[in-house]
Amino acid sequence: MEDIIISVLQRTMIAGTPLLLATVGEIICERSGILNLGVEGVMSVGAVVAFIVTFLTGQPWLGVAAAIVAGMAVSLIHAFASVTLQANQVVSGLALTMLGLGLSGMLGKPYIGKPLAIKMNSFAVPFLSDIPYAGKIFFNQSPFFFLAVGLALLAWFFLERTRFGIKVRSTGENPGATETHGVNVSLIRYICILIGGGFSALAGAHLSISYSKSWIEGMTAGRGWIAIALTIFALWNPGKAIFAAFLFGGIFVLQYLLQPLGISPNFLAMLPYATTLIVLLLISLKDPRKLNAPAKLGEPYKKGER
Amino acid sequence: MKKLYVVLGLVVLCLVIAVLYFKVIAPQDVTEKEAVVPEEAPVETRMKAGFIYVGPVGDYGWSHAHDQGRIFAEKQLPWLDTVIVESVSESDSARIIDRLVQEQKCDVVFTTSFGYMNDTVAAGAKYPDNIFMHCSGFKRAENVGTYFGDLYQMYYLNGIMAGVLTKTNKIGYVAAFPIPELIRHINAYALGLKAVNPDAKVHVKWTYAWYGPDKAKEAAQALIAEGCDALAFTEDTPAVIEVGQEHSEMGKQIYTFSHYSPMQPYGVDSVVSGQLMDWGGIYVKILKSIKDKTWDNKDIRWLANEKAAMLGGAPGEIINPKFVDDLKKAMVNSKEFGKISAYDLILKRYAQMQQGVDIFDPYDGPIKDNKGVVRIKQGTRASKGELLSIDYYVDNVEGSIPK
Numbered sequence: 001m002e003d004i005i006i007s008v009l010q011r012t013m014i015a016g017t018p019l020l021l022a023t024v025g026e027i028i029c030e031r032s033g034i035l036n037l038g039v040e041g042v043m044s045v046g047a048v049v050a051f052i053v054t055f056l057t058g059q060p061w062l063g064v065a066a067a068i069v070a071g072m073a074v075s076l077i078h079a080f081a082s083v084t085l086q087a088n089q090v091v092s093g094l095a096l097t098m099l100g101l102g103l104s105g106m107l108g109k110p111y112i113g114k115p116l117a118i119k120m121n122s123f124a125v126p127f128l129s130d131i132p133y134a135g136k137i138f139f140n141q142s143p144f145f146f147l148a149v150g151l152a153l154l155a156w157f158f159l160e161r162t163r164f165g166i167k168v169r170s171t172g173e174n175p176g177a178t179e180t181h182g183v184n185v186s187l188i189r190y191i192c193i194l195i196g197g198g199f200s201a202l203a204g205a206h207l208s209i210s211y212s213k214s215w216i217e218g219m220t221a222g223r224g225w226i227a228i229a230l231t232i233f234a235l236w237n238p239g240k241a242i243f244a245a246f247l248f249g250g251i252f253v254l255q256y257l258l259q260p261l262g263i264s265p266n267f268l269a270m271l272p273y274a275t276t277l278i279v280l281l282l283i284s285l286k287d288p289r290k291l292n293a294p295a296k297l298g299e300p301y302k303k304g305e306r
Numbered sequence: 001m002k003k004l005y006v007v008l009g010l011v012v013l014c015l016v017i018a019v020l021y022f023k024v025i026a027p028q029d030v031t032e033k034e035a036v037v038p039e040e041a042p043v044e045t046r047m048k049a050g051f052i053y054v055g056p057v058g059d060y061g062w063s064h065a066h067d068q069g070r071i072f073a074e075k076q077l078p079w080l081d082t083v084i085v086e087s088v089s090e091s092d093s094a095r096i097i098d099r100l101v102q103e104q105k106c107d108v109v110f111t112t113s114f115g116y117m118n119d120t121v122a123a124g125a126k127y128p129d130n131i132f133m134h135c136s137g138f139k140r141a142e143n144v145g146t147y148f149g150d151l152y153q154m155y156y157l158n159g160i161m162a163g164v165l166t167k168t169n170k171i172g173y174v175a176a177f178p179i180p181e182l183i184r185h186i187n188a189y190a191l192g193l194k195a196v197n198p199d200a201k202v203h204v205k206w207t208y209a210w211y212g213p214d215k216a217k218e219a220a221q222a223l224i225a226e227g228c229d230a231l232a233f234t235e236d237t238p239a240v241i242e243v244g245q246e247h248s249e250m251g252k253q254i255y256t257f258s259h260y261s262p263m264q265p266y267g268v269d270s271v272v273s274g275q276l277m278d279w280g281g282i283y284v285k286i287l288k289s290i291k292d293k294t295w296d297n298k299d300i301r302w303l304a305n306e307k308a309a310m311l312g313g314a315p316g317e318i319i320n321p322k323f324v325d326d327l328k329k330a331m332v333n334s335k336e337f338g339k340i341s342a343y344d345l346i347l348k349r350y351a352q353m354q355q356g357v358d359i360f361d362p363y364d365g366p367i368k369d370n371k372g373v374v375r376i377k378q379g380t381r382a383s384k385g386e387l388l389s390i391d392y393y394v395d396n397v398e399g400s401i402p403k
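Chains L and B, in that order, give the protein sequences. For the first sequence, this note's numbering assigns the number 1 to the initial residue and increments by one for each residue that follows. For the second sequence, this note's numbering assigns the number 1 to the initial residue and increments by one for each residue that follows.
Just chain B, with the same shape it has in the complex (with noise of 0.2 Å):
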């Protein structure tokens, strides 16, 4: 009898094993195959970038939108290929980045997470032959570049639509990682709600993830609870844009702003604009540079000038319909339009970006932290090195920075 289990017990594993292999191990085989370079054409003009993704790229948030730029890129150059990582933890890039040099052959390796930093550093210097691309970091090497592409100007224009829609005056911000990237959104989105609406104030909480739709939830459920009626967020999930819906559909209306990815169907009555972000230009511009033996390891930075930053919830709105007429019904004071409606403040406001840093910029002085202590002066603004090591709330943020 007991035999007979052992027999029984061997057959289910092998089943198993099949099933794995079938599901698992098949389907990479198969892109792989995909990805080998045509016979016909000559190996040297062709290149190979390989991606690593913090989170899965269905994640609807950043690694979806780094996937749709590389899906952009590869179809505009015809001698790229590309090969993905995703879900890659930040402590385990190390790994993946030896495989997709050693393994995959990739001449260019793009790591898209802060926390990839010094991993993408050290493998530079442990092959000297290849470029990496670290995006958000600051830490450069001679065949180690930076890249970004920054929503911090969209944050501003969320701020001013949040200033004038609030009833509360409290403003909530469900953030991930203490880190300058969420500093430099949490500040203009709190400058562009200062704009219009000196009262209101900023309040946030830390999920410590980049993809946790559960905390992200219970973090947006408090700041509603504690009467937050207008949130935006940094994480990589939908879920506070749920929560805001799921409120706005019981009678209690929460405005959202949808970040990175059009989320604006997850909450339509709730989303009221957002950041959206367009990473196919940057990463056209980079593989160019490098093939064509341009690239050197500058840092590049793309805002609202260079169309990567774009305002908006949904694909070609700017403003979900259903609030244009109150933010046109709004009027503020500005020092620079006098009286003037929201709506147009944003969209002038929204032009002067797409301009340059030049003519507006959300970090023009004076700005004060909420110490106090006066950061940038009078007749200043922010430069480029401030901005990426920002290390402080504006005025009109509650609480501090946890350590």
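Isolated chain L, as found in the complex (with noise of 0.2 Å):
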């Protein structure tokens, strides 16, 4: 028993590593006004990408920053029809998942069945690692594991006690007043865009590289569209993502468990939708201010215009 909870809870880091990347991604995209729906298709290329380069190199890491690069890169469309253009955000969104899992099937058709020799070896935290229990959890654990919680933090920290983060916040809000004060609220926006693309890649990088360590069509498998669900599971909080994302990364592993018991895999899948509507539900019923979501999410700015 104590091997299947250990175990149980070592795979659920692994299993929430993308969707808590891509989720911190996405909120700090929405945090500054912008719906971003392109999530599974920048995350697509970005596990595409970051095969190829590892293949091709040998070199996990390059593949990483490579997958980041081309993240960023086919979320600039997302960001010039929606900020540059003012189109409507959300048929911008859907049309990038659209092209980027088109692109990257395309990309990586060579390179199906291929398995990539490169190891991402668990890495230990010194110390750390040698504690009962915990340390085979939480300090035993792929790199991207502590990359993803650390970049969360980091995003946290970033969104609530910085100059920046302020900004970034304030243009969600109100761009209009963000504007009068001196703030280029098409910068932030991009800005924010572009970091939301990277850290959708990031997640792509990690399932190709790390959890599969190959590349199949679809192997995202709708792990961008629970990450938006995610974003406001965690109210938009990057903290709260934190404890979201592993929740749910615990349901994908618990489904095998659970199987004997005769629970259907359907239901598990529908889980984090339910619960997002059920929490989006109690909280709008108790107090709607505390939803905190970014009031100008999904609306376009035009200078200029009120």
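Derived pair list, reagent style DSS-like, types lysine-lysine, alpha-carbon separation capped at 30 Å:
| id | chain 1 | residue 1 | chain 2 | residue 2 |
| --- | --- | --- | --- | --- |
| 1 | L | Lys136 | B | Lys170 |
| 2 | B | Lys307 | L | Lys114 |
| 3 | L | Lys109 | B | Lys48 |
| 4 | L | Lys114 | B | Lys75 |
| 5 | B | Lys105 | L | Lys109 |
| 6 | L | Lys109 | B | Lys75 |
| 7 | L | Lys119 | B | Lys252 |
| 8 | L | Lys136 | B | Lys167 |
| 9 | B | Lys170 | L | Lys119 |
| 10 | B | Lys307 | B | Lys335 |
| 11 | B | Lys322 | L | Lys114 |
| 12 | B | Lys368 | B | Lys170 |
| 13 | B | Lys252 | L | Lys136 |
| 14 | B | Lys322 | L | Lys119 |
Derived CB-CB ranges, DEER-like:
| id | chain 1 | residue 1 | chain 2 | residue 2 | range |
| --- | --- | --- | --- | --- | --- |
| 15 | B | Val268 | L | Phe243 | 32 to 42 Å |
| 16 | L | Pro115 | B | Glu317 | 16 to 26 Å |
| 17 | B | Gln104 | L | Tyr133 | 52 to 62 Å |
| 18 | B | Gln104 | L | Leu85 | 41 to 51 Å |
| 19 | B | Asp325 | L | Leu76 | 54 to 64 Å |
| 20 | B | Asn118 | L | Lys290 | 47 to 57 Å |
| 21 | L | Pro115 | B | Gln378 | 44 to 54 Å |
| 22 | L | Phe123 | B | Lys322 | 28 to 38 Å |
| 23 | L | Asn184 | B | Gln104 | 53 to 63 Å |
Computed, partial: chain B to chain L, Cβ under 10 Å:
| id | residue |
| --- | --- |
| 24 | Tyr60 |
| 25 | Ala220 |
| 26 | Ala225 |
Hints listed in this document are in silico derivations from the structure and should not be mistaken for laboratory results. Here the structure is a predicted model, which means the values were calculated and not measured. For glycine and all other residues, C-beta sits at the position ideal for the given N, C-alpha and C.
The task is to assemble the complex, starting from two chains supplied on their own in separate frames and drawing on the hints.
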């Protein structure tokens, strides 16, 4: 029993890592007032680029860097459409998802079924990994896990505690007022979309070079959509996102242990979306202000208009 | 300023379309040109066969093995042209069959997944002049035949190996979908296990995907966490073997069995043996019989006897040398052979299987299901019909089959 619990928690951390990365990216993006539904596509592009570069060069971190650059590059399309052209963000985001999935399928075709020779060894934190139980679960993990948690904490500090964070948040709440204070709203939004894209691509890179160590079409398997749901579930707070991402990572891992009890895998796959709805409902009923949604989320900002 | 953006946007769009054209559409033109009948060859003597695969040919499992068979047949039969469509969802097969018949003008269409069954039979009624061959199903029509290469005998032999190597007496199995083929594999694996180690039990996890490395990985991890130390599987990726190799490298020996393609390179410290399938012979036989008009819709079922099913995780190596000594040292009692090493038992059984199912078959009775009901009586062997519709676990498999 003890082994099972440790194993489940350990796997939970790994399964939750891509969710956390993508969710934090989407939070940063949405806090600046831009809804990005392209997470799934960007994640897929990140996965394929990371795999190809790692496969060809044998350098996993070079693959990660390339994935981030590629993720930012495709996100630029969304930034251009939604900020500069002030187009409908839902349409542009969905287009980005389709483009990303198609593009990655096309680029990755020759690499299907090829195993990655490079091993991403798990990283044991000195001393801490010797702690009973917790050491095994938290401190002897894939480097992506530490990266994801570190970046989530950093993103929280950045958004809530720095001057730039205030600019990002006020851009999402009231871009007109922010502009009058001499802040370049378009620039802030561009930066946030690119950072969000980089995070999504990083999540994809984790899937292809650390988690699966192989590329297949559609390997993101809806994780991008879960990240969008988790953004709401975490109430646009990177700190809460850590909790939310690992909760749903745990559900993914648990489904195989729950199988003998007759719980349908389809039911478990539905859970992230259902719980998001319930959380939204409960908070809206109690006190909508607590929802913390950026006031101008999804609304294009036109300079000089009100 | 805005006009400039619009122009820029259009330029980018054109570039994307151009890239898509050259990358995606152009190569297809080339392959089709290659497939065009050479002018000097009289048209009526050539035959075109279409193959529909459920996964990508690079899956290194089921679809890969079928494609190897197709390539073999094309080399053997100079009058044959082939065309493939890969990664076809089971709900989308009717459309793809239409395309192969109408646009590609295929004379024969091979549909290679259980879920294509109803669409294939429907297509047979729609195109009476074409021949359709459905792999792994049980529905036939005038012009719709079925064929299959079954690996259950190899799973029996793998079960023997798992039975003598295991230390925890918990044996795992990662399975894609609850269909008769997989139940047959699981039961044969369990029967082999029972022959040498009656105390051990088989534990099954379902992934509900033929091709889902992340799902297979988590299922394998869950089995190992529950204490299983030998894993076999029926799904189309080497993910289970990768998990086994990972644990074996970290000092916890996990035994795995490769499935369908030679997957031993993915787990040199973990793969004991496995099941290999050679479709080449079956495809050549079917296509030849269609060509010389001797084809009928009788079910074609190839096993070890026809050399379609073979034992091993790497070509020409029935057991990983790393584990041969362990198997030679393990002595077991066999009703037929007395006290014998597990290694010799495996070789003897394998030789018997190659002589035919009349000599030895895993499904020789008596066989009880795991609720205590006798399913195959003493002195009888499961009939083809019984094997094709098998819907119970034998008595050393835990749990029940999901509906």
